[in-house]
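Novice: From first to last, the protein sequence lines stand for chains A and B. Residue numbering for the first sequence follows the working numbering, beginning at 1 and increasing consecutively. Residue numbering for the second sequence follows the working numbering, beginning at 1 and increasing consecutively.
Keep in mind that the hints were calculated from the coordinates and are not lab data. Just so you know, even glycine gets a beta-carbon here, dropped at the ideal spot from N, CA and C. Do not rely on the hints blindly, as some may be mistaken.
Cβ-to-Cβ under 10 Å is the rule here; a few derived chain B residues that face chain A [claimed, not checked]:
| hint | residue |
| --- | --- |
| 1 | Pro11 |
| 2 | Leu18 |
| 3 | Phe22 |
| 4 | Val24 |
| 5 | Thr25 |
| 6 | Gly26 |
| 7 | Tyr28 |
| 8 | Cys30 |
| 9 | Asn31 |
| 10 | Lys32 |
| 11 | Leu33 |
| 12 | Val34 |
| 13 | Thr35 |
| 14 | His37 |
| 15 | Pro64 |
| 16 | Trp154 |
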Amino acid sequence: MNAYIPQLIHLIIAIVACMLWLALNALLLVYCERKFAGHIQRRPGPFEVGPHGILQPLIDGVKLMCKQLVTPDGADPYLYWLAPMLSMLPVMLLYMPIPYGPVLTGLEVNLGLLLILAFSGFNVLALLLAGWGSNNKWGILGAARAVAQSVAYEIPLLLSVLAIAFMTGTLNMSEITAQQGAWPWQWNVVTQPLAFIVFMVSMFGETNRAPFDLAEAESELTAGFHTEYSSMGFGLFFMAEYGYMVVICSVCSVLFLGGFKGPIMDGWWWMLLKTYALLFVMIWARWTFPRVRFDQLLNINWKWLLPLATFNLLATAFIMKL
Amino acid sequence: MNAFRKHILQPIIDCWSLFVGFGVTGKYFCNKLVTVHYPRQTVEEENLDTYGGHIELVGKPKDPAMPKCISCMMCVTNCPSKCLTVVKQKPPKPTPEQEKAMKEAEEKGEKVSKPKAPKNPAKFIYDYSLCSLCGTCIENCPTKSLRYSSNFYWVASDRKELKLDLLARLREQAKSMPASAPKAEAKPAKAEKEA
Chain A
1 MNAYIPQLIH
11 LIIAIVACML
21 WLALNALLLV
31 YCERKFAGHI
41 QRRPGPFEVG
51 PHGILQPLID
61 GVKLMCKQLV
71 TPDGADPYLY
81 WLAPMLSMLP
91 VMLLYMPIPY
101 GPVLTGLEVN
111 LGLLLILAFS
121 GFNVLALLLA
131 GWGSNNKWGI
141 LGAARAVAQS
151 VAYEIPLLLS
161 VLAIAFMTGT
171 LNMSEITAQQ
181 GAWPWQWNVV
191 TQPLAFIVFM
201 VSMFGETNRA
211 PFDLAEAESE
221 LTAGFHTEYS
231 SMGFGLFFMA
241 EYGYMVVICS
251 VCSVLFLGGF
261 KGPIMDGWWW
271 MLLKTYALLF
281 VMIWARWTFP
291 RVRFDQLLNI
301 NWKWLLPLAT
311 FNLLATAFIM
321 KL
Chain B
1 MNAFRKHILQ
11 PIIDCWSLFV
21 GFGVTGKYFC
31 NKLVTVHYPR
41 QTVEEENLDT
51 YGGHIELVGK
61 PKDPAMPKCI
71 SCMMCVTNCP
81 SKCLTVVKQK
91 PPKPTPEQEK
101 AMKEAEEKGE
111 KVSKPKAPKN
121 PAKFIYDYSL
131 CSLCGTCIEN
141 CPTKSLRYSS
151 NFYWVASDRK
161 ELKLDLLARL
171 REQAKSMPAS
181 APKAEAKPAK
191 AEKEA
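Required output: the full structure, derived from the provided sequences and hints.
Specialist: Dropping the structure here:
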């Protein structure tokens with residue numbers, strides 16, 4: 001029994017650290033998103049609260065928490081309030097197997113990659129419940145779109161991840177990092193460029209980010225699945241979205257960009273640098289590309305990403321067998 | 001071969017446009033900001049020239065307090081939002097002597113010349129809360145008596161405050177004109193050209 005206590009303490013510390021890290025990232029990314037959007041549109045972005053608006057996301061959070069929680073008439077209260085929590089809860093778990101450093105890994109598991117992919121699927125359920133439970137036609141449309149989109153984009157994402165798993169022969173994320181070298185030409189992105197491209201595109205679809213943010217398209221569906229949510233109900237969805245973004249960018253940097261390994265001095269800073277570079281590409285894309293139509297979204301997936309990912313997987317398997 | 005080009009090659013080539021898009025927004029990201037920090041800075045005069053705010057009356061070149069308006073009602077009939085109210089002036093009441101002269105002329109069978117009403121309007125009320133700033137009134141004004149103002153420092157906490165008496169506004173503008181004579185005279189000319 002006593003043998004488990006250090007492990008338990010380690011886990012608790014890891015969970016708390018993951019929660020803090022998630023909250024910090026949400027604040028930071030909201031600020032970055034708004035500043036980035038501002039500068040691309042050649043305006044300052046948030047500017048009034050704190051120097052250069054640095055306290056803006058904090059104040060936004062306080063505002064969200066102070067607002068009244070409203071359940072719409074005719075909504076299913078249990079599903080309605082379960083949805084944002086269900087969207088938020090698994091995110092903390094997703095941070096656990098990500099190796100930020102050789103020691104800085106929350107949970108060393110052999111199936112880390114599988115764990116992330118499995119639990120990130122909860123988000124679809126959350127969006128579906130949110131749309132269904134809020135008794136709103138926009139919500140239902142948004143939920144239907146979210147499901148169609150997430151199910152579609154999950155497949156090429158999995159296939160591209162599977163190619164990496166074939167190549168490295170493991171689903172342990174630390175192990176995948178360890179098999180890559182320190183220099184950029186030793187990373188998986190060089191051997192698996194096609195998988196990287198497919199992963200990058202699916203990443204936008206999976207996290208509901210523009211140009212694939214059709215589940216919450218504000219011009220067509222007012223706000224899609226979270227039309228009816230006010231205050232922290234909406235806030236949780238928002239935080240979860242940023243949480244998923246960080247997770248998927250971390251996974252991408254572990255799988256393709258060598259994780260915490262860098263040309264000089266391995267460590268968590270390389271991991272952060274790579275993750276944030278990817279996050280900035282995501283934000284940049286949001287303020288660059290217009291939203292695609294839904295049939296276009298599915299066409300990109302079924303006609304391009306899926307065949308490409310399948311071809312890539314088969315080719316990888318073939319070469320590995322040789 | 002053509003189908004291959006259309007369905008396979010072209011989409012791949014089109015992917016380049018994604019990077020072009022990134023280039024455009026990336027360039028804007030690095031450029032200087034163009035907005036004004038309003039309460040701390042004010043907008044420069046030259047940038048106000050192209051601003052189309054609420055409408056205002058244009059004064060006559062010789063008498064800036066008197067509008068060019070001839071109360072023809074073209075603006076009122078054409079306004080889609082019905083936000084303009086123009087009241088024509090009534091003809092002045094003839095003095096007893098004039099009345100006498102008119103009666104005499106009528107008896108003689110001559111043509112009676114009644115005193116005519118002045119053309120300029122008695123009232124020109126503009127409800128900004130209804131206006132959609134479409135500019136139809138400006139386009140339809142035969143005397144070019146209306147233009148967009150560059151007044152954007154205007155807030156109100158009550159809808160009623162957004163009702164403007166444009167004649168009073170013109171009078172006030174005329175009063176403050178000598179102080180900034182060259183600028184104020186240059187502006188109507190420019191507005192006319194635009195109209």
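Novice: Hint by hint, which ones does this structure get wrong, listed from lowest number up?
Specialist: 15 and 16
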